[in-house]
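A.B. asks: This is what each chain is made of:
Number of protein chains: 2
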Amino acid sequence: MIVGLGLIGGSYAKGLRHFGFRVTAIDRDPHAIEYALQNGIIDEGWTETNAEALADADVIVFALYPKVFLEWVKENGASLKKGTLLTDVTGVKSCIVKDIQDALPEGVEFISAHPMAGREVSGVENSDPAIFRGANYIVVPTEQNSEEAIESCKELGMLLGFAQISVLSPEEHDEMIGFLSQLTHCIAVSLMTCSDNTHLACYTGDSFRDLTRIARINDAMWSELFLLNRDALLAQMDKFLLELYRMRYMLEVGDVEGLREKMRLSTERRAVFDKKIK
Amino acid sequence: MIVGLGLIGGSYAKGLRHFGFRVTAIDRDPHAIEYALQNGIIDEGWTETNAEALADADVIVFALYPKVFLEWVKENGASLKKGTLLTDVTGVKSCIVKDIQDALPEGVEFISAHPMAGREVSGVENSDPAIFRGANYIVVPTEQNSEEAIESCKELGMLLGFAQISVLSPEEHDEMIGFLSQLTHCIAVSLMTCSDNTHLACYTGDSFRDLTRIARINDAMWSELFLLNRDALLAQMDKFLLELYRMRYMLEVGDVEGLREKMRLSTERRAVFDKKIK
Chain A
28 MIVGLGLIGG SYAKGLRHFG FRVTAIDRDP HAIEYALQNG IIDEGWTETN
78 AEALADADVI VFALYPKVFL EWVKENGASL KKGTLLTDVT GVKSCIVKDI
128 QDALPEGVEF ISAHPMAGRE VSGVENSDPA IFRGANYIVV PTEQNSEEAI
178 ESCKELGMLL GFAQISVLSP EEHDEMIGFL SQLTHCIAVS LMTCSDNTHL
228 ACYTGDSFRD LTRIARINDA MWSELFLLNR DALLAQMDKF LLELYRMRYM
278 LEVGDVEGLR EKMRLSTERR AVFDKKIK
Chain B
28 MIVGLGLIGG SYAKGLRHFG FRVTAIDRDP HAIEYALQNG IIDEGWTETN
78 AEALADADVI VFALYPKVFL EWVKENGASL KKGTLLTDVT GVKSCIVKDI
128 QDALPEGVEF ISAHPMAGRE VSGVENSDPA IFRGANYIVV PTEQNSEEAI
178 ESCKELGMLL GFAQISVLSP EEHDEMIGFL SQLTHCIAVS LMTCSDNTHL
228 ACYTGDSFRD LTRIARINDA MWSELFLLNR DALLAQMDKF LLELYRMRYM
278 LEVGDVEGLR EKMRLSTERR AVFDKKIK
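Just so you know, the protein sequences line up as chains A and B, in that order. Okay, so the first sequence: first residue is 28 according to the working numbering, each after it adds one. Okay, so the second sequence: first residue is 28 according to the working numbering, each after it adds one.
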């Protein structure tokens with residue numbers, strides 16, 4: 028069962044149904060459920076949570092905004108049957124994983140995961156399991172998780188076609204995501220908003236387009252993700268701001284060798300990040 | 028004739044020879060000339076400037092670093108025959124265009140241009156006129172230029188297959204390039220050098236890869252370009268730094284509505300930058 032049938036929830040549903048799994052879904056939006064039923068994305072769907080549907084599910088994937096996810100678990104956790112495995116797709120971990128595990132009844136295990144994939148568009152209409160190909164899937168266990176749940180969660184990532192599956196603690200995950208994902212989105216947004224630059228659109232080359240692709244951003248989701256990972260993100264922003272100030276100073280005083288040294292370090296490091304798997 | 032047979036010079040040579048033009052070249056590096064002759068990229072080539080070759084050329088394209096370009100013109104300008112049209116590919120304009128025009132003898136016209144294309148690799152071996160497809164070509168005239176020279180320069184851009192050809196003053200050009208190209212390179216470099224992040228390579232998604240693609244950078248060329256456009260680039264860096272600080276502050280104080288408003292503005296503006304021509 029998928030709870031939250033948007034871009035990611037829909038992509039999970041399509042990917043799993045392809046392997047013959049029975050896939051059900053809950054989403055508050057009747058259009059999402061209707062669309063998914065009409066297009067064969069799910070076998071059955073509801074706009075409200077019901078105990079019967081929950082009891083029927085062996086695995087439940089939550090593809091909700093973090094706060095809604097926590098509320099859902101507090102409200103409906105008691106209806107979950109023993110032995111059900113819960114997992115999620117949430118982009119922040121430290122602030123929710125333990126709270127959710129604590130809110131669940133005995134015998135219901137939650138193993139957190141983060142599929143690092145997405146698109147600039149949202150909604151089940153845009154869902155496509157192809158977004159998982161070549162992407163990373165991160166399992167984020169706590170000391171409360173069983174080995175079996177961790178293994179099942181990894182298998183789910185493999186089934187969905189992720190290129191690489193790794194395991195991180197909630198803290199490691201949030202530091203990594205603060206740097207690789209959230210800081211980059213802050214930069215892209217600031218680049219678009221720092222001056223009225225739309226008259227320059229006709230001169231834009233690929234560099235600028237690449238840097239700002241992610242500046243088209245779901246403001247409700249990302250502002251929530253930023254605030255839930257505030258400390259880790261602030262730390263990453265500070266490191267970046269300091270470094271850009273250093274570069275600005277080198278430029279101001281004409282420190283050519285300093286600038287060149289930074290560029291050489293950057294070139295060397297960036298080579299490590301080249302995509303290995305296409 | 029091409030002076031400076033690297034990535035861009037070589038791509039010009041290939042593109043022009045494709046249309047049947049006789050293309051010659053000067054480059055200090057004997058390997059570049061040898062490679063170009065062996066691979067049919069040029070008809071004739073020299074490792075030193077010679078008066079006879081210059082007299083033979085109707086159009087000379089300079090694909091040199093800015094300072095080397097200016098030196099070359101001061102040294103060899105007198106050998107140019109009347110009626111020769113000079114153009115270039117230099118990425119900064121205010122600091123060199125008028126100096127070069129002033130250094131030329133009567134009857135030799137220099138019309139500056141900036142093909143906004145490139146790759147992360149350099150050298151004639153990597154040249155390919157396909158990099159011009161879909162890209163912008165900017166003609167940068169001064170009041171000293173004739174209408175004929177401006178038109179010829181535009182035609183050259185069209186022949187090479189650029190998607191869009193526009194005209195800007197040197198000052199407009201440098202402001203635009205400070206924002207769209209140089210600031211983005213500073214950001215990409217700072218993102219790679221702000222912390223030792225290589226252990227995160229295996230978690231990297233497309234957002235980070237896209238933002239740092241240009242962090243692999245030719246340090247000799249870009250440090251020179253940055254310093255030659257220092258004032259315009261510092262102004263752009265300051266605007267960006269201030270904006271990122273504003274966003275940092277909103278995050279620190281938990282100003283959700285402020286963050287969301289920035290994200291909505293960013294999303295709206297970025298839509299204007301979507302590529303029209305593929």
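Please keep in mind that the hints were generated in silico from the structure rather than gathered at the bench. Hints may contain errors.
You can't tell identical chains apart in this list, so a pair holds if it fits in one copy or across any two.
[Said to hold, decoys possible] Heads up, simulated SDA-like pairs for lysine to any residue below, C-alpha to C-alpha not over 25 Å straight-line: (1) K266 <-> S222; (2) K108 <-> F96; (3) K266 <-> G232; (4) K266 <-> S234; (5) K266 <-> G134; (6) K266 <-> T225; (7) K125 <-> E270; (8) K108 <-> A157; (9) K125 <-> T76; (10) K181 <-> S196; (11) K266 <-> R287; (12) K266 <-> G285; (13) K266 <-> V280; (14) K266 <-> V283; (15) K108 <-> L97; (16) K181 <-> R275; (17) K181 <-> L227; (18) K125 <-> D237; (19) K101 <-> L252; (20) K266 <-> H58; (21) K266 <-> Q171; (22) K266 <-> R240; (23) K266 <-> E279; (24) K266 <-> D282; (25) K109 <-> Y272; (26) K108 <-> A262; (27) K109 <-> M277; (28) K108 <-> R275; (29) K125 <-> R275.
Computed from a predicted structure; not experimentally measured.
A.B. asks: Decide, hint by hint, whether the structure agrees.
C.D. replies: Here's how the hints hold up against the structure:
no., hint, result
1, K266 <-> S222, "both (23 Å within a copy, 7 Å between copies)"
2, K108 <-> F96, "within (18 Å within a copy, 76 Å between copies)"
3, K266 <-> G232, "between (28 Å within a copy, 20 Å between copies)"
4, K266 <-> S234, "both (23 Å within a copy, 19 Å between copies)"
5, K266 <-> G134, "neither (43 Å within a copy, 54 Å between copies)"
6, K266 <-> T225, "between (29 Å within a copy, 15 Å between copies)"
7, K125 <-> E270, "neither (34 Å within a copy, 35 Å between copies)"
8, K108 <-> A157, "neither (32 Å within a copy, 60 Å between copies)"
9, K125 <-> T76, "within (23 Å within a copy, 72 Å between copies)"
10, K181 <-> S196, "within (15 Å within a copy, 57 Å between copies)"
11, K266 <-> R287, "both (20 Å within a copy, 23 Å between copies)"
12, K266 <-> G285, "both (18 Å within a copy, 23 Å between copies)"
13, K266 <-> V280, "both (21 Å within a copy, 19 Å between copies)"
14, K266 <-> V283, "both (22 Å within a copy, 23 Å between copies)"
15, K108 <-> L97, "within (18 Å within a copy, 78 Å between copies)"
16, K181 <-> R275, "neither (44 Å within a copy, 35 Å between copies)"
17, K181 <-> L227, "between (46 Å within a copy, 19 Å between copies)"
18, K125 <-> D237, "neither (36 Å within a copy, 33 Å between copies)"
19, K101 <-> L252, "within (20 Å within a copy, 58 Å between copies)"
20, K266 <-> H58, "neither (44 Å within a copy, 43 Å between copies)"
21, K266 <-> Q171, "neither (33 Å within a copy, 47 Å between copies)"
22, K266 <-> R240, "both (23 Å within a copy, 20 Å between copies)"
23, K266 <-> E279, "both (20 Å within a copy, 15 Å between copies)"
24, K266 <-> D282, "both (21 Å within a copy, 21 Å between copies)"
25, K109 <-> Y272, "neither (55 Å within a copy, 48 Å between copies)"
26, K108 <-> A262, "neither (41 Å within a copy, 61 Å between copies)"
27, K109 <-> M277, "neither (62 Å within a copy, 43 Å between copies)"
28, K108 <-> R275, "neither (59 Å within a copy, 43 Å between copies)"
29, K125 <-> R275, "neither (42 Å within a copy, 27 Å between copies)"
Violation of the numbered hints given earlier is confined to hints 5, 7, 8, 16, 18, 20, 21, 25, 26, 27, 28, 29; the remaining hints are satisfied by the structure.
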